[in-house]
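Undergrad: The task is simple: from the sequences and hints, build the whole structure.
Protein chains: 2
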Amino acid sequence: MSGHPLISPVLPPMSVPDLAAVKSYLLDLQDRICAALAEEDGRASFVTDEWTREPSASSTPGLGGGGRTRILAEGAVFEKAGVAFSHVTGSQLPPSATAHRPELAGKPWVAMGVSLVIHPRNPRVPTSHANVRFFSTLPAASPDSSTPRPLGSSDPSAPPTWWFGGGFDLTPYYGYEEDCVHWHRTAREALAPFGDAYYPKFKKWCDDYFFLKHRGEPRGVGGVFFDDFSALGFERSFALLRAVGDAYVPAYRPIVARRKNAPTTVAERDWQLYRRGRYVEFNLVWDRGTLFGLQSGGRTESILMSLPPLVRWDYGRSPAPGSEEARLHTDFLRPRDWVDFGTAKDR
Amino acid sequence: MSGHPLISPVLPPMSVPDLAAVKSYLLDLQDRICAALAEEDGRASFVTDEWTREPSASSTPGLGGGGRTRILAEGAVFEKAGVAFSHVTGSQLPPSATAHRPELAGKPWVAMGVSLVIHPRNPRVPTSHANVRFFSTLPAASPDSSTPRPLGSSDPSAPPTWWFGGGFDLTPYYGYEEDCVHWHRTAREALAPFGDAYYPKFKKWCDDYFFLKHRGEPRGVGGVFFDDFSALGFERSFALLRAVGDAYVPAYRPIVARRKNAPTTVAERDWQLYRRGRYVEFNLVWDRGTLFGLQSGGRTESILMSLPPLVRWDYGRSPAPGSEEARLHTDFLRPRDWVDFGTAKDR
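Residue numbers (our numbering), protein chains in the order written: chain H, 1 to 347; chain B, 1 to 347.
Be aware that a few hints might be false.
Unchecked claim - Listed next, the stretches of chain H that the computed footprint assigns to chain B, with coverage defined by at least 3 CB atoms under 8 Å from CB atoms of chain B:
| # | segment |
| --- | --- |
| 1 | 275–282 |
| 2 | 303–313 |
What the hints assert, rightly or not - Here's a subset of chain H near chain B, in silico, CB distances under 7 Å, partners left out:
| # | residue |
| --- | --- |
| 3 | His214 |
| 4 | Thr300 |
| 5 | Gly316 |
These are calculated hints, taken from the structure and not from any lab test. No experiment lies behind these values; they were computed from the predicted model shown. Beta carbons: idealized from backbone N, C-alpha and C, even for Gly.
TA: Listed below in structure tokens is the structure:
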């Protein structure tokens, strides 16, 4: 493992980030994901809501930006699917956002990403979430002329600090081993060109992050998650981000295709609505991105686009022992090694 | 106004709290509220779930307690009604709970209260919430022998620090002026024996607290809210708490009675489910009690008993201008003086 990029990066993370290239990739990714999901749905299509906000209109001074939120509602397959691109800038990074990097506090910054949550109608189809994002302090020698100029930077010649983050995770209502294996295998294969160590690391990160501490329960069967990633230098780190973003549709669509017409019952629908409550609990109580967005004056409708269309809560509900619902808990909602680690070259 | 208890307490808050009397009142209040609501429902009854937890079973060391959670589900009038008594003790007060009183950090403590949220079925009946609670550090010269002895207190002879908190607030889906006036008038009259200044003060506190900052929107039409209250000494402060607790049923029940059989439509039901999403957002994102409970290892099912039975989220939804739904926003979901201040003696 010596020389592995996780341990000893071949390229130092000092190469200059290409903001325009990242933005262009993200917009194209949003287009491709929406096209694939609409095709899989077969009935409904995405409606686009473009928005901009001037910094003066935000409750956080200097926070501005825009985005392209796309929503498919009441489809044949997808009850609600939201795929959002956003591009946000700030004149001063708040200390709360930089607890582990105090030297960045107060700097101007840019963040962009695509975030999506898909809530299918059939309880046999799992909910999925994916996100790819990029963050950088400014000034950057940016070819993107729409990027704001630096404001009050103490050292305008300092190189920008930047990183990528992202991942995707799956939340079934009824568990299927083959779906989980396919999901994780697709993630592992996407990361394999960058070294065998990434999938195990990002898989564990996902298990750790998407966990409801107040329930002692994972949100779902995981996937991959990473943040603060610049270890491969800009070009290769960006390639890793693209590999993850591009893998989402091949990971999810086959699962949707083979479950979307499964026979289902009213009781299964009820279980789905109840389990969706866990999704709400995670996003509103624990998800750092959601909380930071809501508390810092982000665009509420785009942030809460992730919430399910219909949800129920029941006091003290637990499934009958041995039922398929109970097996979701015992067999699926626990960290499991769905695919072998380090076998990427064998695929 | 000179000599008013808010400004110059007649009795200093040093009288010794009677924990057994508080507990007895709270249990009786829970009984009376449940009986009144079950009678108003006419079909369903409350199911009692008694629970205890040893300190060793908690994720927060030294946190133990028990409670009596009562739930009415799928009633004729109430779709879900939860009325919970809890009695929790801790061996060390966490610093996060005492930010404004650092001298209390690390002390053993006791907290008890009754908390309720009622979600009616008919969209013309508002949701209501009430809470009465008591907090004290230990050791206390407590006549309640079930109270744990102090652990590691630095000054065992120091008098306990204690306070009351509570209130009730109303969240309509369709606005009725007369309901809001009745609700607030009942609150004002309950507080009048303690001085004219309490209702305006606690009414504003309620408006300030039950506010969804990410929506720029009040949760409902308010009511009264207070915390950290010991200004009248133990006996009179406890009397004020009882006045608030006892006023809840007279404030809510007549509103339920006159709206519960109102004709309603599928579209109104849909609006109710959508508006219930705001209740979830407030409780999970902003409510300090909920968040502290979930993050400190409280009993999840009792804490989340407040969540509505069925909820929907829709992207970018807003009611048609001039509709009754739009008037909820324009005429009711803004701070208003529903009754005159300082006219308690005129009633």
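Undergrad: The structure should be examined with respect to each hint, and the outcome stated for every one.
TA: Hints, one by one, checked against the model:
no.: 1; hint: 275–282; result: holds (count 3)
no.: 2; hint: 303–313; result: holds (count 10)
no.: 3; hint: His214; result: holds (4 Å)
no.: 4; hint: Thr300; result: holds (5 Å)
no.: 5; hint: Gly316; result: holds (5 Å)
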